[in-house]
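Asks: With these hints in hand, go ahead and build the complete structure from the sequences.
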Amino acid sequence: MADTSGGEPRLKVRGIYKSFGAVQALTDVDLDVPAGAVTALCGDNGAGKSVLTKCIAGTHEPDRGHIYFEGRPVRIRNAHEAAALGIETVYQDLALADNLDIVQNMFLGRERLRHRLLDENDMERAAAETLAGLRVTTVRSIRQPVGSLSGGQRQSVAVAKAVMWNSKVVIMDEPTAALGVTQTAQVLDLIRRLRDRGLAVMVISHNLIDVFAVADRIAVLYLGRMVVQAPASELDRQRVVEYMTSGGLGVSAAAMVAGGTGVQDGQD
Amino acid sequence: MARTDIPPTPGLDPSTGEPVDLTAAPEAVPLVPPEIVAQTLAEYMQAWWLRIRSGESGMLPVILALIIIVVVFELISPNHVFLSAGNIVNLFQQSAVFMMLGMAEIFALLLGEIDLSIGYWGAVGGVIAVQLVQPRTTNWPWLPAIVVALLAMGLIGAVQGTLVTRLRLPSFIVTLAGFLIGNGVMLIVLGFGPFSGYPSLNGLSVNLRAIHDLMWGTVTPAVGWIVMIVIVALMGMGLMLRDTRRRRSGLVAPPASLTWIKIAGIAAIGVGVVAVCNLNRAAVGTLEGVPWVIFIVFGVLAAWTFLLQRTRYGRYVYAIGGNPEAARRAGINVTMVRTLAFALCLLTAAIGGILYASLIGGMSNNFPGGQYVLYAVAAAVIGGTSLFGGRGKMAHGVIGGLVIGGIYNGMYLLGLAVQWEFIVTGFVLLFAVTIDSLSRGSTVGGAARHFFGQR
Numbered sequence: 001m002a003d004t005s006g007g008e009p010r011l012k013v014r015g016i017y018k019s020f021g022a023v024q025a026l027t028d029v030d031l032d033v034p035a036g037a038v039t040a041l042c043g044d045n046g047a048g049k050s051v052l053t054k055c056i057a058g059t060h061e062p063d064r065g066h067i068y069f070e071g072r073p074v075r076i077r078n079a080h081e082a083a084a085l086g087i088e089t090v091y092q093d094l095a096l097a098d099n100l101d102i103v104q105n106m107f108l109g110r111e112r113l114r115h116r117l118l119d120e121n122d123m124e125r126a127a128a129e130t131l132a133g134l135r136v137t138t139v140r141s142i143r144q145p146v147g148s149l150s151g152g153q154r155q156s157v158a159v160a161k162a163v164m165w166n167s168k169v170v171i172m173d174e175p176t177a178a179l180g181v182t183q184t185a186q187v188l189d190l191i192r193r194l195r196d197r198g199l200a201v202m203v204i205s206h207n208l209i210d211v212f213a214v215a216d217r218i219a220v221l222y223l224g225r226m227v228v229q230a231p232a233s234e235l236d237r238q239r240v241v242e243y244m245t246s247g248g249l250g251v252s253a254a255a256m257v258a259g260g261t262g263v264q265d266g267q268d
Numbered sequence: 269m270a271r272t273d274i275p276p277t278p279g280l281d282p283s284t285g286e287p288v289d290l291t292a293a294p295e296a297v298p299l300v301p302p303e304i305v306a307q308t309l310a311e312y313m314q315a316w317w318l319r320i321r322s323g324e325s326g327m328l329p330v331i332l333a334l335i336i337i338v339v340v341f342e343l344i345s346p347n348h349v350f351l352s353a354g355n356i357v358n359l360f361q362q363s364a365v366f367m368m369l370g371m372a373e374i375f376a377l378l379l380g381e382i383d384l385s386i387g388y389w390g391a392v393g394g395v396i397a398v399q400l401v402q403p404r405t406t407n408w409p410w411l412p413a414i415v416v417a418l419l420a421m422g423l424i425g426a427v428q429g430t431l432v433t434r435l436r437l438p439s440f441i442v443t444l445a446g447f448l449i450g451n452g453v454m455l456i457v458l459g460f461g462p463f464s465g466y467p468s469l470n471g472l473s474v475n476l477r478a479i480h481d482l483m484w485g486t487v488t489p490a491v492g493w494i495v496m497i498v499i500v501a502l503m504g505m506g507l508m509l510r511d512t513r514r515r516r517s518g519l520v521a522p523p524a525s526l527t528w529i530k531i532a533g534i535a536a537i538g539v540g541v542v543a544v545c546n547l548n549r550a551a552v553g554t555l556e557g558v559p560w561v562i563f564i565v566f567g568v569l570a571a572w573t574f575l576l577q578r579t580r581y582g583r584y585v586y587a588i589g590g591n592p593e594a595a596r597r598a599g600i601n602v603t604m605v606r607t608l609a610f611a612l613c614l615l616t617a618a619i620g621g622i623l624y625a626s627l628i629g630g631m632s633n634n635f636p637g638g639q640y641v642l643y644a645v646a647a648a649v650i651g652g653t654s655l656f657g658g659r660g661k662m663a664h665g666v667i668g669g670l671v672i673g674g675i676y677n678g679m680y681l682l683g684l685a686v687q688w689e690f691i692v693t694g695f696v697l698l699f700a701v702t703i704d705s706l707s708r709g710s711t712v713g714g715a716a717r718h719f720f721g722q723r
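Residue numbers (the working numbering), protein chains in the order written: chain A, 1 to 268; chain B, 269 to 723.
These aren't lab readings, by the way, just hints derived from the structure by calculation. Given the structure is predicted, the values throughout are model-derived calculations rather than measurements. Hints are supplied without guarantee of correctness; some may be wrong.
[Claimed, not checked] SDA-like, lysine to any residue: derived pairs with alpha carbons at most 20 Å apart:
id	chain 1	residue 1	chain 2	residue 2
1	A	K168	B	G504
2	A	K54	B	G599
3	A	K12	A	V228
4	A	K12	A	A230
5	B	K530	B	G504
6	A	K12	A	H60
7	A	K12	A	P73
8	A	K54	B	R596
9	A	K54	B	K530
10	A	K54	A	H66
11	A	K54	B	E593
12	B	K530	B	A663
13	A	K54	A	D30
14	A	K54	A	R77
15	B	K530	B	M327
[As the list claims (entries may be wrong)] Just a few of them, taken from the derived set where beta-carbon distance is under 7 Å, the chain A residues facing chain B:
id	residue
16	G65
17	A95
18	L96
19	D98
20	N99
21	L100
22	L108
23	G109
24	E111
25	L117
26	L118
27	N121
28	E124
29	R125
For every residue, glycine included, the Cβ atom is placed at its ideal position computed from N, Cα and C.
Replies: Here it is as structure tokens:
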């Protein structure tokens, strides 16, 4: 289904370096995020997943290296520039205001106006269309405060908020971390629908069950280096765990980890 | 423990190793405002009752409190004078100051901040206006005097807001300093030597009269009726138009019967107020008509409600009160919005200070600024605005101000000494904050966080 081989990936990262003082967070990182596919970014705590995400989302600027968007080299210096390109990030905390309703949250910061006043009807209609397009139908009313929603519904609202701006790349940070089984299934469905609409989706996750459930491609960071990038069909859970915990140094390292020595503990 | 986020061995079922799911509870139905799910009046009443039973009581407690206050004081006040036309108008006039300060405080509370300086800075606004129109000195026309007073206080509010937003000082401390500085500045602007100044509004000058009449002037009974009918008609048309637009856009609108009930309620309040005010309330001669101050309070309420509910700025105030980080990531200029809210807070407080000066016919050094700021917080919270930020409406300041004014007025009628008034108001404030805290969840945030010093 996903076109992971030929053609230019929608988002391409080449040779990214990023350090914070003496700490080298990213070293010569390459990453492809193709359209119409889910790319999972895995790695242990402190492997550099969130630094890489923030370099793409405009929160950090890389020290060296290039980011290509639809083949063009781009500089992303802040969240606005990322949004202008069509790159949206759904953070783990979702960044929703509980006291505002679904429509108000989805349009926060980009309200539509009519005669310089809030155009509630227009916004409500557009929000309803977006949610219907994503088949998010479990909410009672899109005028209910986000604080009254379940975890899965909140995640859906955050995703809908990200995709309603004709976005082309959606980055999701641990989308299933706080969810139960049913709600996780809902969110994974939602991720698949984003892919089927032709978006380039990047999911950051620790949960390998979820990763293998949705990902077309898997990329693993280990100590700030990209140790593997491959179609999900060429990997299995065992191999990914090896890459995450030892950088893929071999069976002996994996055995050591499986033995519970916990080599990566306390890295962050 | 540290490794729960990675399955240590492949094949481990993560659903057993995952953190406990705290969010999978079924959707909390009672939190949904009834008007957005109900299609008929019966459904609406059902949803409304469900919400009340689950602790989301909205304005109901404050309306009940108001009814209790009215009934109790009417029963025990000498000669049942509490509900006499003269006393009701008097009650409106006294409450107007509390209402204005309550509305001022709501700007700070919506952000999850607090402003303790509104009492004395408001008074400084009042003193500036009163001093500028004194015929013997500056002799300014009344309108520029009021505008200068409001702008000056708005500017001071912006300075306080800048200290809070740019230097990240706690608003509690900044405005506590403002409380002291404002008190000192008030004494200086009074200007007749320390502790002796009483610039008066008594006199024949048209400008003195104008400020005096903000509180004491009345419109003729006929004008009162006409203005009331126009206001009710405009509000009714606004409600109908909104429903029609929503239906035309294919959106859910509240049941028509509900809208009619709302319009009838607005009309009933309007008719009641005008009818009472148009009774002759003078012991000798004629004193009738709606006082200007009622229109002033209504005008400020309408303007600020419009700002908060219909403009981008208002939306951002609520967003910041609910989740400042989300607002920042949404590209909102959080610093600007918060600073402006502190400015609007003191500007509104200055209107309150001018109304106070008008009420007592001048300005004196014994203005109770500390007491009034607590009344303002009490009015806002009693009305239903949360101390925790993000929840509240301007109308809460008005209805809460009426409750505070009712207690104040009733205890005065009973001839109770001021210490009892303090104690009763203190308990009412405690009660209101308790309700707020219990109904808005257990998380301590916003202004409460500043009180307890947990930043």
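Asks: Would you mind marking each hint as holding or not holding in the structure?
Replies: Quick rundown of the hints versus the structure:
For the given pair, A:K168 sits about 45 Å from B:G504 by alpha-carbon distance, which is inconsistent with the 20 Å threshold. For the proposed pair A:K54 and B:G599, the alpha carbon gap of about 16 Å is at most 20 Å, so the pair holds. Between A:K12 and A:V228, the direct Cα distance comes to roughly 15 Å. Compliance with the 20 Å bound is thereby established for this hinted pair. Between A:K12 and A:A230, the direct Cα distance comes to roughly 15 Å. Compliance with the 20 Å bound is thereby established for this hinted pair.
For the hint linking B:K530 to B:G504, the alpha-carbon distance of about 8 Å falls within 20 Å, and the restraint holds. Proximity of A:K12 to A:H60 is assessed by CA-CA distance (about 17 Å); at most 20 Å being required, the pair is judged to hold. A distance of roughly 9 Å separates the Cα atoms of A:K12 and A:P73; the hinted pair therefore holds under the 20 Å criterion. With a CA separation close to 16 Å, the supplied pair A:K54 and B:R596 stays within the 20 Å bound.
Taking the CA atoms of A:K54 and B:K530, the gap is about 50 Å. The hint is violated against a cut of 20 Å. For the hint pairing A:K54 with A:H66, the CA-to-CA distance comes to about 14 Å; that is within 20 Å, so the pair holds. A threshold of 20 Å between alpha carbons decides the hint, and for A:K54 with B:E593 the separation of about 16 Å falls inside it, so the pair holds. For the hint linking B:K530 to B:A663, the alpha-carbon distance of about 15 Å falls within 20 Å, and the restraint holds.
Distance check on the hinted pair: A:K54 and A:D30 sit about 15 Å apart at the alpha-carbon level, within 20 Å; holds. For the given pair, A:K54 sits about 10 Å from A:R77 by alpha-carbon distance, which is consistent with the 20 Å threshold. Restraint check for B:K530 and B:M327: satisfied, since their Cα atoms lie roughly 15 Å apart, inside the 20 Å limit. With a least beta-carbon distance of about 25 Å to chain B, the hint placing A:G65 at the interface is violated under the 7 Å criterion.
For A:A95, the interface hint holds, since its Cβ comes within 7 Å of a Cβ in chain B; the closest pair sits about 4 Å apart. The restraint placing A:L96 at the interface with chain B holds, with a minimum CB-CB distance near 6 Å, inside the 7 Å limit. Taking 7 Å as the C-beta contact cut-off toward chain B, the hint placing A:D98 at the interface holds, the least distance being around 6 Å. Contact between A:N99 and chain B, as hinted, is supported at the beta carbon level, the nearest pair being about 4 Å apart and thus within 7 Å.
Because the smallest distance between the Cβ of A:L100 and any Cβ of chain B comes to about 6 Å, under 7 Å, the interface hint for this residue holds. The criterion of a C-beta within 7 Å of any C-beta in chain B is met by A:L108, whose closest approach is roughly 4 Å, and the hint holds. The restraint placing A:G109 at the interface with chain B holds, with a minimum CB-CB distance near 3 Å, inside the 7 Å limit. A least Cβ separation of about 5 Å between A:E111 and chain B falls short of the 7 Å threshold, and the interface hint therefore holds.
Here the hint on A:L117 is kept, as its CB sits about 5 Å from the closest CB of chain B, short of 7 Å. Here the hint on A:L118 is kept, as its CB sits about 6 Å from the closest CB of chain B, short of 7 Å. With its C-beta approaching chain B no nearer than about 4 Å, A:N121 sits inside the 7 Å limit, and its interface hint holds. Among the interface hints, the one on A:E124 holds; its C-beta lies about 6 Å from the nearest C-beta in chain B, closer than the 7 Å criterion.
Hint status for A:R125 relative to chain B: holds, with the closest Cβ pair at about 6 Å, below 7 Å.
Comparing the model with each numbered hint stated earlier shows that hints 1, 9, 16 do not hold.
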